[in-house]
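My request is simple: use the sequences and hints to build the entire structure.
Sequence lines, in order, name chains A and B.
So for the first sequence, this note's numbering puts the first residue at 29; every next one is plus one.
So for the second sequence, this note's numbering puts the first residue at 1061; every next one is plus one.
If you are wondering where the hints come from, they were derived from the structure by calculation, not from laboratory data.
It is possible that part of the hints are untrue.
To be verified - Simulated pairs of lysine-lysine, BS3-like, Cα-Cα distance not exceeding 25 Å: (1) Lys132/A with Lys1307/B; (2) Lys100/A with Lys1085/B; (3) Lys1194/B with Lys147/A; (4) Lys1348/B with Lys1307/B; (5) Lys147/A with Lys1183/B; (6) Lys1294/B with Lys1307/B; (7) Lys1368/B with Lys1378/B; (8) Lys1308/B with Lys147/A; (9) Lys1241/B with Lys1301/B; (10) Lys114/A with Lys1085/B; (11) Lys1378/B with Lys211/A; (12) Lys1241/B with Lys1098/B; (13) Lys136/A with Lys1154/B; (14) Lys1358/B with Lys147/A; (15) Lys1308/B with Lys1358/B; (16) Lys100/A with Lys1306/B; (17) Lys194/A with Lys233/A; (18) Lys132/A with Lys1245/B; (19) Lys1146/B with Lys1368/B; (20) Lys132/A with Lys1203/B; (21) Lys192/A with Lys224/A; (22) Lys114/A with Lys1378/B; (23) Lys1348/B with Lys1306/B; (24) Lys100/A with Lys1358/B; (25) Lys132/A with Lys1085/B; (26) Lys1245/B with Lys136/A; (27) Lys114/A with Lys1203/B; (28) Lys1348/B with Lys1294/B; (29) Lys1146/B with Lys114/A; (30) Lys1098/B with Lys114/A; (31) Lys1241/B with Lys136/A.
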Amino acid sequence: MRCQRCGGLITNSFTRINGTLLCENCARELKVDDMFKRQATFFEQAFPMLGELTNGIMGTPSDLDFGNSKIKCPRCGTSLRELDSKGMLGCIECYNTYNETILKNILKKQGSSDYIGRKPGEIANIEVSEIPEEASPAPSVKVEVTPVNDSKPESNSSISVLDKIKDADWSTIPDNEIEAGMKAAAQAEDYQLAAKLRDELKSRKEGN
Amino acid sequence: MWYDAPGNNTDVVIGTKVVITRNIKGFPFVTKMTDSDKENVLGMVRQAGSQIGLDFVRTDELDDVARADIFNKGLVATSVVNGEDKYGILISKKEGVGVIVNSIDHISIVSLVPGDDVLLAYKRAEELAVHFEKNMDIAFSDKYGFLSPRISTVGTGVRVSVCVAIPGIEKTTGALPILTKRIEKYDWAMNAIANVDGSMRETSHYTINSVTTLGITEQELIDGANRLVADIIKLERSCRKNICAKKKVIVEDQFYRAYATLKYLRRADFSDAMTMIAWLRLGQDYIKHDDIDITWEKINKLTNMVRKNYDDYSRDRKVINNRPTQRAELIRSIMKGDIA
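And the structure:
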């Protein structure tokens, strides 16, 4: 697997955002690795915020970042900026216009830029080769089975939680069940109940 | 449907999909096409398709019943079948083979086969690709191969995707990293199948997708796919055997619970249903169960009919709200053997 941002091989762990695969470093650079674990310092938070603020007042950042933004494909008008942001070419001519950028991106994504497949109209001559026996050794791993439905009755769980909460005196129900109830109510589109439960939770937390 | 035919190793591999993308010279790529360009491409591909007996439909002229019918064939995404744009679909007489026109690439040939048979899926798709290449002016360069608007598919334009059910690997500590490393080694990618609401939830079902289209021949791609799939099957079977031997009572309990629940349930969430089907898969070959009537055909039918169902993506709010009940009805009738 390769990172779709830097093209490096993903060795350790990866993050997937909206279908884009990122390596650990890129995920960290983009601050999407594990937002909840990250302890953002004051400075980390303050400067991006300031940046956003000034951008908001002074308009979008200057075109200086995109020195080549004025280059456009002569046939379809696709700009380099469009190519960078969408990753989509507009026409065959784009391959000539942006040859260098495309080549770089291809190398990042695919690790090779040489076409060695079949020619148009030809049939690929494919022979079925025997799969060597070595393949994967049987794993000597610890078996760990997690029962799925010991504590809750499958799909009816949300309904039963809701029923329980609707009928009960809330002061007798622990926080975690109230929270589960809130989620179940939201799922069942009973937003009134969900809002009440949210307020109940909030008041409990404030009370503590 | 494509999945009704018998397939190889369907205890682990649900289906194999090969997509070949091609673009026509003389037209901009789809994002830059005008309406008249799109009409022209639709007309050209339709004509070329009719020479080999492909039926043509336009998605903007479909009613809901036809949309459901085409989506359930598994060839197209909801964005195409429900899209208002000028998409076209060519459907082959062979089950599981079709061509999508004007979706990202001008021509996307899709071929689906049940179980593990990458070569057959590839051959069926290639047959159509070669026909289009001979009868149309396809964008090709000696340097980059078949040109595409996406840098990720330029080259051979061939992508292989294999859907696998691996409850054994998922439930074995340390086996999933072994699998992901192996997949990395082949430069492939692995995704959990998406829940119907788009969220990813572990349901023991994954798709394994090829990534590379340059620096690789079709032969190498298919050899790699075959080897990788054989590895996965071997690993998954040994994990299932291992679990069923070491945690016999727990697996038996879950297997029978899943069977009973699926047989009598009245509401079924997508991910819960898929998880229960995965338990059936885990125990089917390694747990003694002469007293109940469950076969691999039934399990595969359940998987395929629950996994891709147009009603899950319906634009009608009532249908969506009623889905868990309808899904439960479908599951019950398959379990009873009413849908053969």
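Each hint tested on the structure:
Annotation: proposed proximity of Lys132/A to Lys1307/B is violated, straight-line Cα distance about 51 Å (limit 25 Å). Under the criterion of a C-alpha separation no larger than 25 Å, the hint pairing Lys100/A with Lys1085/B is consistent with the structure, at around 20 Å. At most 25 Å may separate the alpha-carbon atoms for a hinted pair to count; Lys1194/B and Lys147/A meet this at roughly 11 Å. Among the hinted pairs, Lys1348/B with Lys1307/B is consistent with the structure: their alpha-carbon atoms are about 14 Å apart, no more than 25 Å.
With a CA separation close to 16 Å, the supplied pair Lys147/A and Lys1183/B stays within the 25 Å bound. Of the pairs offered as hints, the one joining Lys1294/B and Lys1307/B holds, with about 20 Å between alpha carbons and a cut-off of 25 Å not exceeded. Proximity of Lys1368/B to Lys1378/B is assessed by CA-CA distance (about 19 Å); at most 25 Å being required, the pair is judged to hold. Of the pairs offered as hints, the one joining Lys1308/B and Lys147/A is violated, with about 54 Å between alpha carbons and a cut-off of 25 Å exceeded.
The suggested pairing of Lys1241/B with Lys1301/B holds, with an alpha-carbon distance near 22 Å, which does not exceed 25 Å. For the suggested pair Lys114/A and Lys1085/B, the alpha carbons sit about 22 Å apart, so the restraint of at most 25 Å is met. Under the criterion of a C-alpha separation no larger than 25 Å, the hint pairing Lys1378/B with Lys211/A is consistent with the structure, at around 22 Å. Note on Lys1241/B and Lys1098/B: the hinted pairing is violated, with a Cα-Cα distance of about 43 Å set against a maximum of 25 Å.
Taking the CA atoms of Lys136/A and Lys1154/B, the gap is about 38 Å. The hint is violated against a cut of 25 Å. About 43 Å separates the Cα atoms of Lys1358/B and Lys147/A, which puts this hinted pair outside 25 Å; it is violated. Our distance criterion of 25 Å between C-alpha atoms is met by Lys1308/B and Lys1358/B, whose separation comes to about 23 Å. Simply put, Lys100/A and Lys1306/B have alpha-carbon atoms about 64 Å apart, too far for the 25 Å limit, and the pair is violated.
About 21 Å separates the Cα atoms of Lys194/A and Lys233/A, which keeps this hinted pair within 25 Å; it holds. For the given pair, Lys132/A sits about 22 Å from Lys1245/B by alpha-carbon distance, which is consistent with the 25 Å threshold. This hinted pair checks out: Lys1146/B and Lys1368/B have alpha carbons roughly 23 Å apart, not beyond 25 Å. Under the criterion of a C-alpha separation no larger than 25 Å, the hint pairing Lys132/A with Lys1203/B is consistent with the structure, at around 14 Å.
Using a Cα cut-off of 25 Å, the hinted pair Lys192/A and Lys224/A holds, with the two alpha carbons roughly 15 Å apart. Simply put, Lys114/A and Lys1378/B have alpha-carbon atoms about 36 Å apart, too far for the 25 Å limit, and the pair is violated. Pair hint Lys1348/B plus Lys1306/B holds up; C-alpha atoms about 15 Å apart against a cutoff of 25 Å. For the proposed pair Lys100/A and Lys1358/B, the alpha carbon gap of about 56 Å is over 25 Å, so the pair is violated.
In summary, the hint linking Lys132/A to Lys1085/B is supported, as the alpha carbons are separated by about 24 Å, within the 25 Å threshold. Among the hinted pairs, Lys1245/B with Lys136/A is consistent with the structure: their alpha-carbon atoms are about 17 Å apart, no more than 25 Å. For the proposed pair Lys114/A and Lys1203/B, the alpha carbon gap of about 23 Å is at most 25 Å, so the pair holds. Annotation: proposed proximity of Lys1348/B to Lys1294/B holds, straight-line Cα distance about 21 Å (limit 25 Å).
With a C-alpha separation of about 21 Å, the suggested pairing of Lys1146/B with Lys114/A holds against the 25 Å cut-off. Restraint check for Lys1098/B and Lys114/A: the C-alpha separation of about 21 Å stays at or below 25 Å, so the hint holds. Pair hint Lys1241/B plus Lys136/A holds up; C-alpha atoms about 20 Å apart against a cutoff of 25 Å.
In summary, the structure is inconsistent with hints 1, 8, 12, 13, 14, 16, 22, 24 from the numbered list given earlier, while agreeing with the others.
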